[in-house]
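Two chains, two separate frames, one set of hints: put the complex together.
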Amino acid sequence: NAGVTQTPKFRILKIGQSMTLQCTQDMNHNYMYWYRQDPGMGLKLIYYSVGAGITDKGEVPNGYNVSRSTTEDFPLRLELAAPSQTSVYFCATQGVNTGELFFGEGSRLTVL
Amino acid sequence: AQTVTQSQPEMSVQEAETVTLSCTYDTSESDYYLFWYKQPPSRQMILVIRQEAYKQQNATENRFSVNFQKAAKSFSLKISDSQLGDAAMYFCAYRSYSGTYKYIFGTGTRLKVLA
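Chain order of the listed sequences is A and B. Numbering of the first sequence is given in our numbering, commencing with residue 1 and proceeding in unit increments. Numbering of the second sequence is given in our numbering, commencing with residue 1001 and proceeding in unit increments.
This is chain B alone, in the form it adopts within the complex (with noise of 0.2 Å):
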């Protein structure tokens, strides 16, 4: 079964800086989705980036960049220029790319942006 791990339960950025979420996965199959959400405390969760495994480039959407280690089965969060709005809950996730289409979510990485 696939499973996802987010090592980090607490980061904290200070405002302009740069910071890294890590999520690693655990499967056997060869083409899947990754992604990473994010819930801030009003608790509505929006899609920050996916990537499609078969894909050896790193997804980019403007400040925020995964990097991709299919071999690693590591699927880290890049944000650039942490704005006080980044504030939230990041949660790394995993789907197959066939079959049941069942997602497999992390934990969370509560990230804190400083001012």
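Bound-form chain A, shown alone (with noise of 0.2 Å):
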């Protein structure tokens, strides 16, 4: 059972490029999030959605989109990197009944 599934789990970006994490569940949940998380920091909000067409930004959304065509999908675009981008990303679902959130495996991405 695949959970969520996150791709790339690693890249180095240049200032001012563009690229989407993937984000894919087998859980059809509806919930879904993406996090960052600096160095010696918790995780931090950047958007979330509640289901398919719907999503709505978090904490720290600047610099970032995100789509939701689909239940199983929720990509999150980052345009024209930038250093401070720099960070380990998750996406999450939330379990319909106990509330967890179930964590993919993370994506640390560096800007130069």
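Don't read these hints as lab results, they were simulated from the structure. Any given hint might turn out to be false.
[Stated by the list, open to error] Looking from chain B toward chain A, a few residues come up when the C-beta cut is under 10 Å (computed): (1) 1052; (2) 1102; (3) 1104.
Just so you know, even glycine gets a beta-carbon here, dropped at the ideal spot from N, CA and C.
Below is the structure:
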């Protein structure tokens, strides 16, 4: 059972480049989230989605965009990458009955 | 707005001993979830234990238990019989029981287990 799958696991970008972090889930969960984790810090919410076609901003949305065309997929797009976006990114879904978050393995992004 | 505070950046425990990690939170809500997540060096976030605020009984999962003090807004994690595999970052998290279901995370406590 795959759960939440993120790709790529590692990526190095140059300043000004763009890229998309992919997130796919097979648990049929409606709620999905993107977080970033900076060194020594907790997780900060970038964007979230309560279902296909519905997305909303979290705490730190600047420089990112998302879409949710299907229940399964929730890609995160970085436009014009900046060094401040160097971080580890986590995609997560929420279990319906327990409130538990199910996380992907994370994607480490470095912007040079 | 809700906040979650973990005041211990790092803790150490001897193997087989017991350790308690602290977490306090601030909220005006009466119904919510609290969680402890473990992040080992592999980076994967794993749920350790969850507590629903309306339940007075403290949650327990094998060697992991919580001390939930709702009035004091405190949610500490106790790890008994510590094992080398318990070494990780531990994050406390809060989620409203209703509304937009956004989670608030603390900054984490790094637990070292000494052989």
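So, going through the hints one by one against the coordinates:
With 10 Å as the threshold, the beta carbon of residue 1052 (chain B) comes within range of chain A, its nearest partner Cβ sitting at about 8 Å, so the hint holds. With a least beta-carbon distance of about 6 Å to chain A, the hint placing residue 1102 (chain B) at the interface is held under the 10 Å criterion. Among the interface hints, the one on residue 1104 (chain B) holds; its C-beta lies about 8 Å from the nearest C-beta in chain A, closer than the 10 Å criterion.
Consistency note: the structure conflicts with none of the earlier hints.
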